[in-house]
Structure formats: structure tokens, C-alpha cells
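Based on these hints, arrange chain F on the given structure of chain W.
Protein chains: 2
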Amino acid sequence: MKKRILILGGGFGGVYTAVFLEKLMTKAEREATEIAIVSRDNYMVFQPLLPEVISGSVQLNHVISPIRRLARTARLYTREVEAIDIAAHTVKLSPGAKPVPLVISYDHLVIAMGTRLDYNKIPGMREHAFPFKYLSDALSLRNQLVLALEEAELENDPELRRALLTFVVAGGGFSGVECVAEMNDFLREAVHSYHQISEKDLRLILVQFDDRILPELTEGLSIFAHQLLVKRGVEIQIGRRLMAVSADTAIVEDLKTKQIETIRTRTTVATVPAAAHPILSTIPLPKDRGRIKVDEGLEVPEAPGVWALGDCALVKQVDGKFSPATAQHALRQAKTCAQNILASLRGTRKHVFAFTGLGKMGSLGRRSAVAEICGVRLKGLLAWLLWRGVYVTKFPGLDGQLRLIVDLILDIFLPRDITQFRLFPEEDVHREHFEAGERVFKEGDVGDKVYFIAKGEAIVLRGDQPLAVLNQGEMFGEAALACNHPRNATVIARTSLELVVVNRVAFHELIGCLPGLRYNIETSMNQRIGAVLIWTGKFGSQWPGSERDHAQPAVR
Amino acid sequence: MKKRILILGGGFGGVYTAVFLEKLMTKAEREATEIAIVSRDNYMVFQPLLPEVISGSVQLNHVISPIRRLARTARLYTREVEAIDIAAHTVKLSPGAKPVPLVISYDHLVIAMGTRLDYNKIPGMREHAFPFKYLSDALSLRNQLVLALEEAELENDPELRRALLTFVVAGGGFSGVECVAEMNDFLREAVHSYHQISEKDLRLILVQFDDRILPELTEGLSIFAHQLLVKRGVEIQIGRRLMAVSADTAIVEDLKTKQIETIRTRTTVATVPAAAHPILSTIPLPKDRGRIKVDEGLEVPEAPGVWALGDCALVKQVDGKFSPATAQHALRQAKTCAQNILASLRGTRKHVFAFTGLGKMGSLGRRSAVAEICGVRLKGLLAWLLWRGVYVTKFPGLDGQLRLIVDLILDIFLPRDITQFRLFPEEDVHREHFEAGERVFKEGDVGDKVYFIAKGEAIVLRGDQPLAVLNQGEMFGEAALACNHPRNATVIARTSLELVVVNRVAFHELIGCLPGLRYNIETSMNQRIGAVLIWTGKFGSQWPGSERDHAQPAVR
Chain W
4 MKKRILILGG
14 GFGGVYTAVF
24 LEKLMTKAER
34 EATEIAIVSR
44 DNYMVFQPLL
54 PEVISGSVQL
64 NHVISPIRRL
74 ARTARLYTRE
84 VEAIDIAAHT
94 VKLSPGAKPV
104 PLVISYDHLV
114 IAMGTRLDYN
124 KIPGMREHAF
134 PFKYLSDALS
144 LRNQLVLALE
154 EAELENDPEL
164 RRALLTFVVA
174 GGGFSGVECV
184 AEMNDFLREA
194 VHSYHQISEK
204 DLRLILVQFD
214 DRILPELTEG
224 LSIFAHQLLV
234 KRGVEIQIGR
244 RLMAVSADTA
254 IVEDLKTKQI
264 ETIRTRTTVA
274 TVPAAAHPIL
284 STIPLPKDRG
294 RIKVDEGLEV
304 PEAPGVWALG
314 DCALVKQVDG
324 KFSPATAQHA
334 LRQAKTCAQN
344 ILASLRGTRK
354 HVFAFTGLGK
364 MGSLGRRSAV
374 AEICGVRLKG
384 LLAWLLWRGV
394 YVTKFPGLDG
404 QLRLIVDLIL
414 DIFLPRDITQ
424 FRLFPEEDVH
434 REHFEAGERV
444 FKEGDVGDKV
454 YFIAKGEAIV
464 LRGDQPLAVL
474 NQGEMFGEAA
484 LACNHPRNAT
494 VIARTSLELV
504 VVNRVAFHEL
514 IGCLPGLRYN
524 IETSMNQRIG
534 AVLIWTGKFG
544 SQWPGSERDH
554 AQPAVR
Chain F
4 MKKRILILGG
14 GFGGVYTAVF
24 LEKLMTKAER
34 EATEIAIVSR
44 DNYMVFQPLL
54 PEVISGSVQL
64 NHVISPIRRL
74 ARTARLYTRE
84 VEAIDIAAHT
94 VKLSPGAKPV
104 PLVISYDHLV
114 IAMGTRLDYN
124 KIPGMREHAF
134 PFKYLSDALS
144 LRNQLVLALE
154 EAELENDPEL
164 RRALLTFVVA
174 GGGFSGVECV
184 AEMNDFLREA
194 VHSYHQISEK
204 DLRLILVQFD
214 DRILPELTEG
224 LSIFAHQLLV
234 KRGVEIQIGR
244 RLMAVSADTA
254 IVEDLKTKQI
264 ETIRTRTTVA
274 TVPAAAHPIL
284 STIPLPKDRG
294 RIKVDEGLEV
304 PEAPGVWALG
314 DCALVKQVDG
324 KFSPATAQHA
334 LRQAKTCAQN
344 ILASLRGTRK
354 HVFAFTGLGK
364 MGSLGRRSAV
374 AEICGVRLKG
384 LLAWLLWRGV
394 YVTKFPGLDG
404 QLRLIVDLIL
414 DIFLPRDITQ
424 FRLFPEEDVH
434 REHFEAGERV
444 FKEGDVGDKV
454 YFIAKGEAIV
464 LRGDQPLAVL
474 NQGEMFGEAA
484 LACNHPRNAT
494 VIARTSLELV
504 VVNRVAFHEL
514 IGCLPGLRYN
524 IETSMNQRIG
534 AVLIWTGKFG
544 SQWPGSERDH
554 AQPAVR
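As given, the protein sequences belong to chains W and F, one line each in that order. Anchor point for the first sequence: position 215 equals 218 in the working numbering, and the numbering is continuous, going up by one each time. Anchor point for the second sequence: position 399 equals 402 in the working numbering, and the numbering is continuous, going up by one each time.
Please note that a few of the clues may not be correct.
Because identical chains cannot be distinguished in the list, a pair is counted as satisfied if it fits within a single copy or across any two copies.
To be verified - Straight-line distance between alpha carbons at most 27 Å, and here's what the computed DSS-like set of lysine-lysine pairs gives:
| id | residue 1 | residue 2 |
| --- | --- | --- |
| 1 | 445 | 101 |
| 2 | 95 | 445 |
| 3 | 26 | 5 |
| 4 | 101 | 203 |
| 5 | 101 | 458 |
| 6 | 445 | 458 |
None of these hints come from the bench; they were simulated from the model.
Chain W with its partners taken away, still in its complex shape (with noise of 0.2 Å):
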């Protein structure tokens, strides 16, 4: 029987803890072994370039890399982990063409699962913020700059065309630094092909907790990123935090004053706060802040065979601090995993951890970047050609490399592409927020939605007059969906309100196999025509018998 050796995820850690398996071991060793990666995706993403993806600089598909031809002998899962049974030695992944889940045992499991963005925290962040992690999030925001700017050149309605061309970015380390650099020279330059818009009505905005951006950096770089960013059209508020997010605010609150600033906006992008994964929190290893302990050799000393790396692991290096969430420390953390995990299958001394970073560096759009290496500091060009040069040389494979020095030379010439991929169309079924005082819709909006009140109350107003106060359980809109009629009342968040949302196809094929709901709505629609403007019934209470000629499915 070989030894099975299960790395769950694939980033930086998890690959290259199979690559360097793969180099290091003997081919008696490659014959007795199989190593296998479970990843979502079949792919590795090249972080660092990640937010080029926004502008279009780097094309979206050269930002990654195929695992299986980085490690070429290692079985892939393209699964989602389900669940860890670290007594039972086993791995349950999600159910993939047959709907079976699939276990798997082994004998070393390698635990690089990286982080997830902690919706919990922030209200309203789930359901309308734009998250910065993933590939589709690159692209996704990109489409949402494209989409504002065509949506903002057809409206006449001055305050929405404003929230349409403000763009809110929280977190002012690497990440979003890097973001708003690159939605700002983005918006900048596509802006010249839309009549409408002149540069100046662009506004973005990067909040961030810390007194100064990028607190990673020595106090001078920070100070040369905020300037360089302020002079090309970045607004930059420090001391704050984003404290909610509804479809059309972002709101924000000082830490010193607790003044509250509500920023109208469609676009808010979250590259904070990020929480461990949650498959973690069920398995039972010693943990701090979710992050999973192990020792200087990787291996988590309650349960030998078992090794974390990477963001989801706390490593502590021979400087006596922790690993921080980088790709240079992944990296590395997956050629001492590797030679641990053999050292152990060879019954030979383990290997310290002993890397401590050679340095930092941040991209700040269009030709230039901070820089520090080796207690060198480099800002502007320089640093940006560095910057550059690492991550190109640092890419996997010749022909990966290859496509990023095409990409770069035909960005100096070419100008951005515009384009707008529709590939992300909304949920059937979704959820909205909106803090007190917002408007869910108003009178003589087209109808082509229901909702369903999850948490908190809502008024419906006909002109200034409410007509009721709707609250949990109850359910409104559906009377204009029914009819394809604008809406004929505004309704209006009396609470912080959580919706259940149903779009029109989703609703009437709903009504169409749910006879129920279908007589009961056009029954309470009948009665009600010209009385109660939106119904708002409560299901369940009053449900008729169903007739069986209303179990006809609704056209689509």
C-alpha cells in the first residue's frame, strides 16, 4: 500500500508543498508515495498580481496557473473540503458528477486552506460588498467599474450618477492599496471613451483603520504612498472603518470623533477582515484566532502527521514572530513541510523553519511602487521595475512568464480595454440590506422583485402617507411582480432590515409549481385591487386549497 500523502488547498502552501515533494523525493520514495491536492479550483493563483487583473495590465487568465502542470504526478481533487476527521485519519470532499461524497484517507495530512473574508462582521458586507481574494473577484469587480461607468453615462438623476462614480475601498494594507491603485488608473483612462463623464467626476475612496496606509512600511514609504495616491485622484481617509454597507451606501465611522459619514455609493470593495476558514473551527487542534498551531517543523505537536502552513497556520520563525500572510513565507513554509514530511517518512532530523522574509513590496498603479528589501527602501520607478521583475521571474513556468512580459509591453502601448463580461447574473434567490432609512424601492420603480422581511421592519408609504409597518415573516412587492405593473407604493427600512429577495423568473416558476401561492396571491390581489396597495399577507395563515388548473407553470 502506498503512503498517501493529502494536501488540502491550493495556494502557494499546498502546491508547492507537492512540488517540492515531487523534487525532493527518490524514485523508490515516488514509487511508494502518492501525493494528492484537494482544491476548489484547478488552478493556483498568482496573488501578487491579482489587483493587475482590475485595469486589464495583466490579462485574467495569465494571473494563474494549472496545478497539475505544476505538479505534475500529484493527484487532484477538484473538490471542496467537507469535512477533516483527524482521529479517523480521513478527508470528506464535496460530492462532484455523482452525487456522492468522496472520503479519502491518509497518512500525512498537509492543512493549507488560507483565510476567507469574515462577512460577519461588517453588516450588509455579505450581501452588496465587492470582496478582493478570488480570481472572479477581480474580474467581478472590474465588470462592476465598467458597468457604473455605462450606468452613470445614461442618468440624468444627479445623486445616483454621484453614488454610481464613487468607489469605496476598505483596508488600506497591501491589498487594498494595491486595489484602488489599480480601479483609479482603470477608471481614469477608460473614462475618455464615455461623453458623459468627465475625470473629475470620479471620486475614490480608501478607508483605512490604521493612522497610515500600509503601517507594513517603514513610516516614509507609507508617507510616499499616501502622496503619490492623493495626487492621482485617490481620496484617503485614515482613522476609519467601514461599519456597513447597504445596495447603495457604504458607511463609515471616525475611531476618534465616532463621527458617522454615510458615502452614497454602489461600489464597496472589502479586502478586510479576513477569518480562518470555517471547515477549521470543527476539527480539534490547538488554535489562536482561528489559525492553527504548530511547531518550528510545521508539524502540529497534538497530532503527528498532521502539518498547517501558510495563512491558515500560525508559524512562529526563529525571530520569534509569527509568519505573516505572504507568498514569499508560503512558499518557503512548503519547502520546510516538504523535507519535514519526508524526514519523517525516513525517520530522519527535522528542518527549523528559518525563513524571515527578505522584504515588502506594494504596487501603486501605473509605473511605480514601494519597495522594501533587505533594509534597502526603493519608491517610484525603480521600485516598480523591481516589483515587477520579482513577481515576473517569480511566476511558474517559462511559458507563464513569457505571457506576463507580452501582457506588460503591449499595456505600454496599447490603450485598457473596456469590455464588460455579463457573466455573474444575480442569484434567484438573495439577500439584501439596508440600514434605517433607506429606500427598498419606490413608487412607480419597475416590479421585478419579491421580498421576504428576514429581520427588521419596513414602511410602506403611498406619496408621504405610510399605509403600514411590515415586520418579520411578512412578505411585499409581489403585487407589482404579478401584475409586470410598476410598484404603487415606496417602501422604506424602518430597522436595520435583512430581505430574502426572489427575482421574476425565479418567482413565477415558484408560483407556477406552488399552486398554493399562486391562487392565494392572485385571490388577496383580486380582493385588494384599489385598497391595500401591496399586500402584505403572511403565508401560511390564510392558505386556501389549491385548484388544480392554477398548478400550471408559469411561462417563463
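Chain F in isolation, oriented as in the chain W frame:
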């Protein structure tokens, strides 16, 4: 007041009408006229190169061109057309950021809305076939190919594995042939990155209604294309038609023998049949098979000031034939249309559409093509170089041409990308189609969906023992979902079966906001545990009173 020329459609016909208008107008005319284009997307797809996106030999965003950069002075509405009122001279557009429809009036209307795939003729096509028409289709098809390889790599069930590695393309015209050729190239190269799959496991089938593929060409070229594709591993079935598609099969009928073959496959691509844009059926203009009849100057005789061109118009050529649906014809029609709108504004004589086609070309994949240009027949590498050359030079803009050339050069030297973007989540509420005898799910499967019967009948089995027959309006599968257990019975289609399917997350959201639904399911399940294994209650008929404590939203 400016005269408004309103163009509906962002394809070759529509965009180039605007381009030629801009070019042909005098300065004074430009100032007195507004050109507006309505297009769903803010880019034009260069259709002839779309199949190349499947194999990745051309980058996704290099086959498109931003409309704003092509027609620089035109006003672009990135909207859907919702209604055309010929009598009132207005067009109603879908709402954007503001949920209010937009109504635009016009002096001249150009209808260039192309065609749509007609999903109504083949059962199951809408639910399960991959269309091949838009940019997103090319990307989602490419993802499906990678997904099929990923799944087949992990699958032990030989039958399912075979279904995953079988790919059916319906339609042997240019579109179907180019599509199957690119799929074949991509799969046969990509397969080398998969340890468990060998090239001979792949089965690609082209189904053609006619008695030969590419009937648009002379027989010699058609035979050459046929033989080349067969040599490269494509199975060609002539004289056959696609009868039905389900999640698991493509059903094909032989037109002569009437024999039916059920091909087990997870990937059926439909390039036929085309139908008129549904909005055209609502406007009172003379049509022939859905296409708008125009005079030889492209104007609708019954409605002066209304013009139609491209695939949605029936354009008689000077040789007496009707213009085929190709880019070269749309482009020339756009020029004639622009000239004639100007002639109409100027009161001068109109032009007659005099183009009859330069020839026909089709790619057969890697370095081979067939072409008939001005009576000369070419095949193989020479035809391929011509094909590439023509389309690169026809691509709008020098920057776009440069990008294409770079792609072509890189494609010669670099391996093809096998990454899969999971950008298209399954809809929360969608439809599935099953043919009689097909299995919906099986005992032991993971229960991640709830099913409502929209049409047809299903049988519930435990082992070989039938438990119940379910009819239209009934639901099944919710028990497994609510308890998060595996399916405890098998469901098979008794007749052709149309299902409305709600996925796990959406179902829990709906249960959360429809207290009656939740209460009902819980009660029934408590009553029936151990008795009927799948609860089959009709909604509405058994609806109990709601209880407020059931109104808590389900945890997502």
C-alpha cells in the same frame, strides 16, 4: 432639435451602420443628428473567431471590440430592447441602475437584432444543451470541457466516465464544424495533463441533419473537411438530427431509418436552430419566417424611416438570392443602410444593395481550413493562412489586430491553458428535463435539491419496489434536503418529465421566509418517518396555520 437615428443591435450590422454614418456625414450633418445604439453588451463580438476561444488559441477578450471605441460619437445604451412602437416612433429599453424603463423616440430606426437560438423545438435543449452563440457561451463551453476532464479523472464508474468523455455537437454548418474542431483540438491536447485519461477515451460526435457537413461549400471541400475531422478523431453522423437532450443524454434520430440512438453524454452543444429575436414578432411589419422584409435599399416599404439588416432581415440580393447570415454581408448592408439613411435625410437617390458575397471560409482547427473565394477553392494550411489573415485584417482597430497576432504567435509555442473558471453558478431555481426511463436521483445520493413536477410523471422506487407515482404539481426530494441525509429512495421519469428545481441554499432561504412551508414540511416528515420515504404532499391542499416561531430565517 437633432434628428435621432436609433440603431437596435450591437453586432456587425448595427455597429457598422453607426461607423459608416459617422464616416459619411458632413460636419453640419453630424451636428444636426444624434446616432444612438442599443446593445446588451458594450462590445461587439467578432463572431468568426469565437470558436477559437474554446481552445484558447485566441484570448477571450481579444475576439471582442468595445463599441464606444468603434462608433466614437454615437450614444450607446447598454440595455435590452423591451418594446418597439412603430406607430409612435419609440423604443422602450430595460431599466438600469434606476428601476425605471427608458423610452427613446427616433426619426430613423435601424433594426439589426440578429437571431436567437430557438430552444423550443428540441425538448431539454434549454435546460441542458450548451448554446454556442455569445461570448459567454464560448467561455462556459470551455469550462464544461475542463470540468468533464476533471470529473472523469476522479470517476470510477465506467459508464459515467464514458458519458463525461463524450461530447456531442449538433449542426454541421460552419458554426458546428468550427466548434467541434476547436473542442477536439483542445481536448486532445489537454488530456495529457490528466493521468487517468488517455486520448482514445475521448469521443466527439458531430450530428448533421444534411447528407454532408458544410453543405454551403462544394462537395469536394465538404469531403475534405469530413475526412480531416474523422482523421483527427471526430465521429461524424450525417443524416441525423438531435431529438432531445437531458442532463445525461443526447437523443439522436436517423432521418431515413427513423432509428433512435441514445448517446450518454454530459456535454451537448447546440448551434442550431436559429430563430428571430422574440421582440420582432410583436411589431407589425411584414416578415418571412420571422425575418423583416426590406426593399433593395434595406428600408421597410410599409414603414418609411424603418430599416432592417443583418440576420434579422430578409434582404434580396441583386442575383435574386437572399443574403446569408454572415458578417461579410452584414458589414456591406451596414454601408448601404448608412448611405440610404443619409440619402433619405438629404432627399437624394438611394443605393441598391449590390453585394453578393466574396466567398466562404471555415476553420477545421489546427492549421487547416477550407475556403471558396471568388470561385477559387482552397484547403489545408493555405486556406487556414488565408482564413486567419482575412480575419485578422478585418478585425476592427490596429490594437485588436496586434493582440490577435500575438495570440497566434504564442499559440504556436506555448501549451494551451487548461484552467477552469467557475464563473457560472447553477441558478437557484432552474428547470431540468428527463426523458422517460431516466433517473432523477438514486438511493444514497447526496440530497442537494428539491424537485417540483411541472409536467409529466415520476416513479418513486426503493430497491426495485415502486412506492408511488408522482404527478404534475407534486414535489419530491425535500426530505433528504431538510435533514441533510442521503436520498432514501430512487426517482425515475415515467414519462417525459419537466422539473422545477430549487437548490439547497435557496430552499433554506425560502423555508426561512415562508413559515407555512417550513411547518408543513416538518410536520409531514415527522408523521411519515419510516413510512413513506419521500414525502409527496401537494402544496396548498394541506396548508396549516403559520406559527410565528417558524418565521426565523434559515441559517444560510
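Do the hints match the structure? See the list:
1. In the homo-oligomer, the alpha carbons of residue 445 and residue 101 lie at most 27 Å apart only across protomers (10 Å), although the nearest pairing inside one protomer, at 46 Å, exceeds that limit.
2. For the homomeric pair residue 95 and residue 445, the shortest alpha-carbon distance between copies (20 Å) is at most 27 Å, but the shortest distance inside one copy (48 Å) is not.
3. Taking CA atoms no more than 27 Å apart as the test, residue 26 paired with residue 5 passes inside one copy only; the shortest distance there is 18 Å, against 71 Å between copies.
4. Taking the closest pair of Cα atoms, residue 101 and residue 203 come within 27 Å of each other only across two copies (23 Å); inside a single copy the shortest separation is 54 Å, beyond that limit.
5. For a Cα distance limit of 27 Å, the shortest separation of residue 101 from residue 458 across copies, 25 Å, qualifies, whereas the shortest one inside one copy, 37 Å, does not.
6. Within a single copy, residue 445 and residue 458 get their C-alpha atoms as close as 20 Å, which meets the 27 Å cut-off; across copies the closest is 37 Å, which misses it.
The structure meets every hint from the earlier list without exception.
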